[in-house]
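Listed below are the residues making up each chain.
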Amino acid sequence: KNEVEQSPQNLTAQEGEFITINCSYSVGISALHWLQQHPGGGIVSLFMLSSGKKKHGRLIATINIQEKHSSLHITASHPRDSAVYICAVNGNYGGSQGNLIFGKGTKLSVKP
Amino acid sequence: DGGITQSPKYLFRKEGQNVTLSCEQNLNHDAMYWYRQDPGQGLRLIYYSQIVNDFQKGDIAEGYSVSREKKESFPLTVTSAQKNPTAFYLCASSVLRQGAGGYTFGSGTRLTVV
Numbered sequence: 001k002n003e004v005e006q007s008p009q010n011l012t013a014q015e016g017e018f019i020t021i022n023c024s025y026s027v028g029i030s031a032l033h034w035l036q037q038h039p040g041g042g043i044v045s046l047f048m049l050s051s052g053k054k055k056h057g058r059l060i061a062t063i064n065i066q067e068k069h070s071s072l073h074i075t076a077s078h079p080r081d082s083a084v085y086i087c088a089v090n091g092n093y094g095g096s097q098g099n100l101i102f103g104k105g106t107k108l109s110v111k112p
Numbered sequence: 113d114g115g116i117t118q119s120p121k122y123l124f125r126k127e128g129q130n131v132t133l134s135c136e137q138n139l140n141h142d143a144m145y146w147y148r149q150d151p152g153q154g155l156r157l158i159y160y161s162q163i164v165n166d167f168q169k170g171d172i173a174e175g176y177s178v179s180r181e182k183k184e185s186f187p188l189t190v191t192s193a194q195k196n197p198t199a200f201y202l203c204a205s206s207v208l209r210q211g212a213g214g215y216t217f218g219s220g221t222r223l224t225v226v
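Read top to bottom, the protein sequences are chains A and B.
Here the first sequence is numbered in our numbering, starting from 1 and rising by one per residue.
Here the second sequence is numbered in our numbering, starting from 113 and rising by one per residue.
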């Protein structure tokens with residue numbers, strides 16, 4: 001079983017729809033990250049969370065530490081939001097505390 | 113503007129040749145990382161370095177080597193011992209020694225071995 005699980009794997013939405021991507025993890029963490037990867041491959045960091053909720057523009061990220069679960073929401077989705085969204089956690093154990101454990105990503109396609 | 117520069121973006125090599133991927137950052141970050149990405153899989157850690165002249169193996173270090181002679185630079189060599197080198201390689205850096213802060217990623221190098 002992967003330590004970081006994302007759902008869904010693939011998501012197709014119509015422009016304007018509200019989108020939710022989920023992330024569950026099974027290890028103790030110091031922080032959780034949401035990343036965006038565009039078709040060219042480069043990755044942009046969207047959020048880093050250790051508790052509660054963060055908002056940036058149309059993007060909202062929440063985390064529930066007790067349930068080991070995080071969600072990324074996109075309001076009023078747009079075709080330019082089409083990308084792969086990756087959840088990653090900083091494991092809170094051992095000598096590799098600084099290293100990220102990645103989910104496999106959710107491929108989002110927003111149709112006009 | 114500060115950031116991470118990976119070069120080249122695309123790289124083709126013949127089987128059996130060593131190849132070095134470049135990663136440079138001007139963010140004054142302590143820690144640097146190399147990840148490998150394969151289709152349908154999450155990124156996997158190859159090597160990381162938290163200080164100059166020191167680096168640690170990640171989960172899939174076999175067939176790879178690195179150096180950290182300068183804080184700004186963390187080149188990755190894919191050796192002929194790597195059995196399946198064709199992949200997308202990402203470099204990243206972070207500000208804190210434990211890496212529990214924000215990360216900055218490069219734009220990646222797509223390596224194809226023929």
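Calculated from the structure, these hints are not laboratory results.
Treat the hints with caution; some may be incorrect.
Distance condition first, Cα-Cα at most 30 Å in a straight line; then the derived BS3-like pairs of lysine-lysine [as the list claims (entries may be wrong)]:
(1) B/K195 - A/K104
(2) A/K107 - B/K183
(3) A/K104 - A/K54
(4) B/K121 - A/K107
(5) A/K54 - B/K195
(6) A/K107 - A/K55
(7) B/K195 - B/K121
(8) A/K55 - A/K111
(9) B/K169 - B/K121
(10) B/K121 - A/K104
(11) A/K68 - A/K107
(12) B/K126 - A/K111
(13) B/K121 - A/K68
(14) B/K195 - B/K126
Here is what the structure says about each hint:
Distance check on the hinted pair: B/K195 and A/K104 sit about 22 Å apart at the alpha-carbon level, within 30 Å; holds. For the given pair, A/K107 sits about 34 Å from B/K183 by alpha-carbon distance, which is inconsistent with the 30 Å threshold. Between A/K104 and A/K54, the direct Cα distance comes to roughly 22 Å. Compliance with the 30 Å bound is thereby established for this hinted pair. Only pairs whose Cα atoms come within 30 Å are accepted, and B/K121 paired with A/K107 is accepted, the gap being roughly 22 Å.
Proposed proximity of A/K54 and B/K195 is contradicted: the alpha carbons are some 42 Å apart, above 30 Å. A hinted pair counts as satisfied when its Cα atoms are at most 30 Å apart, and A/K107 with A/K55 qualifies at roughly 21 Å. A distance of roughly 22 Å separates the Cα atoms of B/K195 and B/K121; the hinted pair therefore holds under the 30 Å criterion. Distance hint between A/K55 and A/K111 is fulfilled; the C-alpha atoms sit about 24 Å from each other, no more than 30 Å.
A hinted pair counts as satisfied when its Cα atoms are at most 30 Å apart, and B/K169 with B/K121 qualifies at roughly 24 Å. Proposed proximity of B/K121 and A/K104 is supported: the alpha carbons are some 22 Å apart, at most 30 Å. Note on A/K68 and A/K107: the hinted pairing holds, with a Cα-Cα distance of about 22 Å set against a maximum of 30 Å. Taken as a hint, the B/K126 and A/K111 pair is broken in the structure, with Cα atoms around 40 Å apart against an allowance of 30 Å.
Proposed proximity of B/K121 and A/K68 is contradicted: the alpha carbons are some 36 Å apart, above 30 Å. Using a Cα cut-off of 30 Å, the hinted pair B/K195 and B/K126 holds, with the two alpha carbons roughly 13 Å apart.
This entry does not satisfy hints 2, 5, 12, 13, going by the numbered hints stated previously.
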